[in-house]
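Novice: Each chain, letter by letter, is given below.
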Amino acid sequence: MSDSILRRNNVKVFGQGEQPLIFAHGFGCDQNMWRFVTPAFENNFKIILFDYVGAGKSDRSAYNKERYASLNGYAQDVLEICAALNIRNSIFVGHSVSSMIGLLAALEQPNHFEKLIMVGPSPCYINDDGYFGGFDRKDIEGLLETMDKNYIGWSNFLAPNIMGNKDRPELGAELTESFCSTDPVIARQFAEATFFSDNRQDLMKLRTPSLILQCSDDIIAPLEVGDYLAKNLDNSTLRVMKATGHCPHMSAPAETIDLIEEYLLNGS
Amino acid sequence: MKMMKSNRILCVDDDADDLLFLSQAINDVSPETEIVQALNGIEALNYLNEIKRDNSPLPCLIVLDLNMPLLNGMDTFDRIKADPELLEVPVVVFTSSRNPRDKAHFLKFNVQLFTKPDNVIQFSDIVSNLLSYCRSQAG
Amino acid sequence: MQLLSFENAPCFYFSADDAGLLIAVNNTTCEELGYKNDELKDKPLSTILSLPSKIFFQTHLLPILKLHNFAGEIFITLQRKDHQAVPVLINAQREIRNDGSITMYAGIAVHNRKKFEDELVNARKQAEEMLRENTALAQTTNALQANLEELDLTLSIAKKQNDELKQFSHVVTHELQEPLRKLSLYTSMLESEGKQSRKFDLESVIKKLTRVSQKFKSIVHGLQQYTWLSESSLKIKKLDLHKILSVVEAQLREQFPNVSFSIEAENLPEIEADQHQMIILLQQLLSNAIHFRKENEPAIITITCAIIQQNKFRHIADKYKYEDFVRVEIVDKGQGFEPEYGEHVFELFKKLHVQSGEGIGLSLCKKIVENHHGQIFAESKPMLGTTFVLFLPLKRHPLATVST
Numbered sequence: 000m001s002d003s004i005l006r007r008n009n010v011k012v013f014g015q016g017e018q019p020l021i022f023a024h025g026f027g028c029d030q031n032m033w034r035f036v037t038p039a040f041e042n043n044f045k046i047i048l049f050d051y052v053g054a055g056k057s058d059r060s061a062y063n064k065e066r067y068a069s070l071n072g073y074a075q076d077v078l079e080i081c082a083a084l085n086i087r088n089s090i091f092v093g094h095s096v097s098s099m100i101g102l103l104a105a106l107e108q109p110n111h112f113e114k115l116i117m118v119g120p121s122p123c124y125i126n127d128d129g130y131f132g133g134f135d136r137k138d139i140e141g142l143l144e145t146m147d148k149n150y151i152g153w154s155n156f157l158a159p160n161i162m163g164n165k166d167r168p169e170l171g172a173e174l175t176e177s178f179c180s181t182d183p184v185i186a187r188q189f190a191e192a193t194f195f196s197d198n199r200q201d202l203m204k205l206r207t208p209s210l211i212l213q214c215s216d217d218i219i220a221p222l223e224v225g226d227y228l229a230k231n232l233d234n235s236t237l238r239v240m241k242a243t244g245h246c247p248h249m250s251a252p253a254e255t256i257d258l259i260e261e262y263l264l265n266g267s
Numbered sequence: 000m001k002m003m004k005s006n007r008i009l010c011v012d013d014d015a016d017d018l019l020f021l022s023q024a025i026n027d028v029s030p031e032t033e034i035v036q037a038l039n040g041i042e043a044l045n046y047l048n049e050i051k052r053d054n055s056p057l058p059c060l061i062v063l064d065l066n067m068p069l070l071n072g073m074d075t076f077d078r079i080k081a082d083p084e085l086l087e088v089p090v091v092v093f094t095s096s097r098n099p100r101d102k103a104h105f106l107k108f109n110v111q112l113f114t115k116p117d118n119v120i121q122f123s124d125i126v127s128n129l130l131s132y133c134r135s136q137a138g
Numbered sequence: 000m001q002l003l004s005f006e007n008a009p010c011f012y013f014s015a016d017d018a019g020l021l022i023a024v025n026n027t028t029c030e031e032l033g034y035k036n037d038e039l040k041d042k043p044l045s046t047i048l049s050l051p052s053k054i055f056f057q058t059h060l061l062p063i064l065k066l067h068n069f070a071g072e073i074f075i076t077l078q079r080k081d082h083q084a085v086p087v088l089i090n091a092q093r094e095i096r097n098d099g100s101i102t103m104y105a106g107i108a109v110h111n112r113k114k115f116e117d118e119l120v121n122a123r124k125q126a127e128e129m130l131r132e133n134t135a136l137a138q139t140t141n142a143l144q145a146n147l148e149e150l151d152l153t154l155s156i157a158k159k160q161n162d163e164l165k166q167f168s169h170v171v172t173h174e175l176q177e178p179l180r181k182l183s184l185y186t187s188m189l190e191s192e193g194k195q196s197r198k199f200d201l202e203s204v205i206k207k208l209t210r211v212s213q214k215f216k217s218i219v220h221g222l223q224q225y226t227w228l229s230e231s232s233l234k235i236k237k238l239d240l241h242k243i244l245s246v247v248e249a250q251l252r253e254q255f256p257n258v259s260f261s262i263e264a265e266n267l268p269e270i271e272a273d274q275h276q277m278i279i280l281l282q283q284l285l286s287n288a289i290h291f292r293k294e295n296e297p298a299i300i301t302i303t304c305a306i307i308q309q310n311k312f313r314h315i316a317d318k319y320k321y322e323d324f325v326r327v328e329i330v331d332k333g334q335g336f337e338p339e340y341g342e343h344v345f346e347l348f349k350k351l352h353v354q355s356g357e358g359i360g361l362s363l364c365k366k367i368v369e370n371h372h373g374q375i376f377a378e379s380k381p382m383l384g385t386t387f388v389l390f391l392p393l394k395r396h397p398l399a400t401v402s403t
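Protein chains in written order, with numbering that gives the first Met the number 0: chain A, 0 to 267; chain B, 0 to 138; chain C, 0 to 403.
Just chain A, same shape as in the assembly:
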C-alpha cells in the first residue's frame, strides 16, 4: 500500500541526514520549484519531495474531483505520504497554499511535524470585513479564466493513441521532460481550492512552531497577510525577506536557504 502512495505522488527521498525535511510545492508547478534550495540541505537532512495528485508527474488517474475540491484532500496526500514513509518530527516546508495544507495536516497528526516553515503563506486570499487578503472575487475569476486558457504541456494529457507515442518517440521524451504542465481542468480546480479557501479559523488551533517567510512586494501574499499570520499563529516567527514576488525559493534561493538555516539552528 505504501509503495503505491509513493508512486502516486512521485515521491523522491534522498539526502544523508536523519531528520526528514519535506518540501511541498504550492499553487504553480511542482516539486522542481525546490531545485535551487534542496542541495543546501542534502548533507544534514533526509529530503522528501513530492507532487500533489494532479500536479507534476503524479498519477493523474488518481485524481478525484470531490477530494481535491478541498484543501483537506491535499492535506490527506501529505498525511498518506508521512504514513507511508513512517515520518516522525519532520520539518515541513510549504510554499504558498502548501503552508495551509501543512497546517491542516499538523492539526490532524501533530506527531509527524516538529516545525512548519511557510514560504509566502496566506490564510485567505479574498478581502473581507476588516481583513485584507489582496483580492476581490472578480480578480480570482479572472485568474480562473487564465487557467482555463493555458495549456502548458497539455499534450501530455492526450490519449496515447492520439499522440502516437510509438511512432514519435521524441514526443515521449517531451512528456517526461515537461515541467510545470498544467492540465487546464485540474489546474483550474487547484486554483479554485486555493483562492477560495479560508483557513483563518484554523490558525489559532496550531501548536506546532512555525516560521513565516514573507516576501516584500508579493501581490499574492502581501505584507498585511504576513502580519495577520504572525498575530494569529502561536509560537510563530515572522521574517520579511528582501526578495520580491511570490517564489523566493526560485528567485532568491540563497536568501531563502539562509533564513531557513538560521531558523533551524536557533530553535524557534
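Calculated directly from the structure, the hints in this document are not laboratory data.
Treat the numbers as computed from the prediction; the structure is a model and nothing was measured.
Keep in mind that a hint or two might mislead.
[To be verified] Some chain A residues judged to face chain C by a derived CB distance under 10 Å, without partners named:
| hint | residue |
| --- | --- |
| 1 | Glu65 |
| 2 | Asp147 |
| 3 | Arg206 |
[As the list claims (entries may be wrong)] Counterexamples of contact, computed for chain A against chain C with all Cβ distances above 12 Å:
| hint | residue |
| --- | --- |
| 4 | Leu5 |
| 5 | Lys11 |
| 6 | Gln15 |
| 7 | Glu17 |
| 8 | Arg59 |
| 9 | Gly72 |
| 10 | Ala83 |
| 11 | Asp201 |
| 12 | Ala229 |
| 13 | Asn231 |
| 14 | Asn234 |
| 15 | Asp257 |
Where a beta carbon is used, it is the ideal one built from N, C-alpha and C, also for glycine.
Place chains B and C on chain A using the hints.
Specialist: Okay, now just chains B and C, sitting in the frame of chain A:
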C-alpha cells in the same frame, strides 16, 4: 561446565490455584522434592540467573505455563533454549490451552505438553509423569 | 535591403530583467497600451499585466522561464493605461548574459481569437451547466449520494458487529473455560474426600469456590455491559464536554479516594453524542490512566482538543466529504505498555499488566467511539506513559441514529 542437578522443580505459572494444586500433588508423591514458584517468565529467568551466579545446582525440571503477563511461556522457553547453561534442564509445558498447534510446536523441541486437568485425580497422574524427569537425573 | 525595424512591427515586443523591470518596449506595445514612448522604461513589468495575469506570471511563467528559459503560447492579459484588458498570446525567451539575464517577450493580441475561444469555453460550460441543471439527473445524484452515505454507515455497523462477534466467541471459548475448570477442580476435591490420603481445609476450599464464582460473575457482567452498549439506541443531544468531565471527575474521586490525581483539560467543544455513553467513555479512559500510574507518583492527565476536518466516508473508496471532527488527545505519564500492543489493547478482556483489572474497560471505550462513528487509537512506551487519540464527529446525521 556440567552443573549438579538438585531435587528441585521450578514451577512457572501466574495462577495461584494451579501452583498450589501442583505443589501439593508433587509433595503428596514425593515429599522430599523442593518446589520453587515463579509467577511469570521474568521471575523465572531472574531465579535461574541467580542460581547460575551462586553456582547452585540447577532444577531437575521446569514446568512452564503458556499464558502469563509480562513474558509468556513461548518467549520464556525461547530464552531458556538460547542459554547454553540452561539447555540441559528439561522443560515441560503445563497449560490450559487445548490447541493442538501448541502441542505440535513443542514436540518439535522434544518438549512434552500437558493440559491442565479439571479434577484432582488427573493431577496426580500428571505429577507422576513429571517426577520421572527428576528421577532420571538423580546421580 | 533595409533592416527590419522591430519598433513598429505588428506585434508586442518588450524585454525585462530578472528583477522584473522593463528594459526596452517597442512602439507598438506603447501605443496599444496607451503609453507614451518613455513612460514604461524601467517600470516593473507587472505595470502592464492585469491583476489575474500578475498572479499567473508569479506562479507559473517566472518559474518556467527560470528553469527552461523558454515559454511558448502563453495566454495572458495585458493592461492598458486606462485599465482596459488586452488578451495576448506570447512567447518568451530568456537569455543569460554576463551582466545578468534578460527575457524577451513577443506576442500578438488575440481579441478575435479570444472571442472564438470564449465561445468554445462557454459552449463547454453551457453543456456542463445543462447536465447539472437537468433536474431528473440531479435528483438521482442526490439520492445516490444519500444512499452511498447510508451504505457506508451500514458497512461500518456490519464490520463492527463482525468484530464484536469474534471477540465474543473468543471470550466464550477461552476466558470462561478457566473459571469452569477451577470449579470442576475444587468440586472434584470435595468429591474425593476420604479417597485421598491428605485432609484438606473445607473452609479454604469454600472460599476458593466463592472466588471462582465471583470471577464468573464478573466475566458475565463484563459481557453484559458490552452487549447493552449495542442494544440501546443512542440518545443524541448537544453535550458540553466540560460538564461531562466534571461529572466523571467526581465519580473518579469516589472510585479512588486515597489517590492523588489531577486532570487538566482545555478547548473541550460541544458535541452531539449520547450522554450516558460519553460518561462511560471518559470514565473508563481516565480510571485506566489513574489505575496504571507509576508507583509513588500522582496521576497527571492532560486532555487537549482540536477541531479538524476528516473524510466522513470510512469504507467506500473514492468518495470524499470532509466534515468537522473533534480530535481529543488524552495523555498520561503512567506505566505505559509495549508499543506492539497498541491495537490489541482494545480487545475484550485483554490484560497486559500483572495487576490488571477485568480487562474490559478499553473494549467498552472502543465500542462507544465506534457507536458514534469515530475512531480511537492508543500509543505507548513502557514507563513513558500512554496517549489515547480519539476522533469523534461534531454533528450527527438523521440517518445515523439507527440502533447499532
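Novice: Looking back at the numbered hints, which does the structure fail to meet, lowest number first?
Specialist: As far as the earlier hints go, 9 and 11 are violated by this structure, in ascending order.
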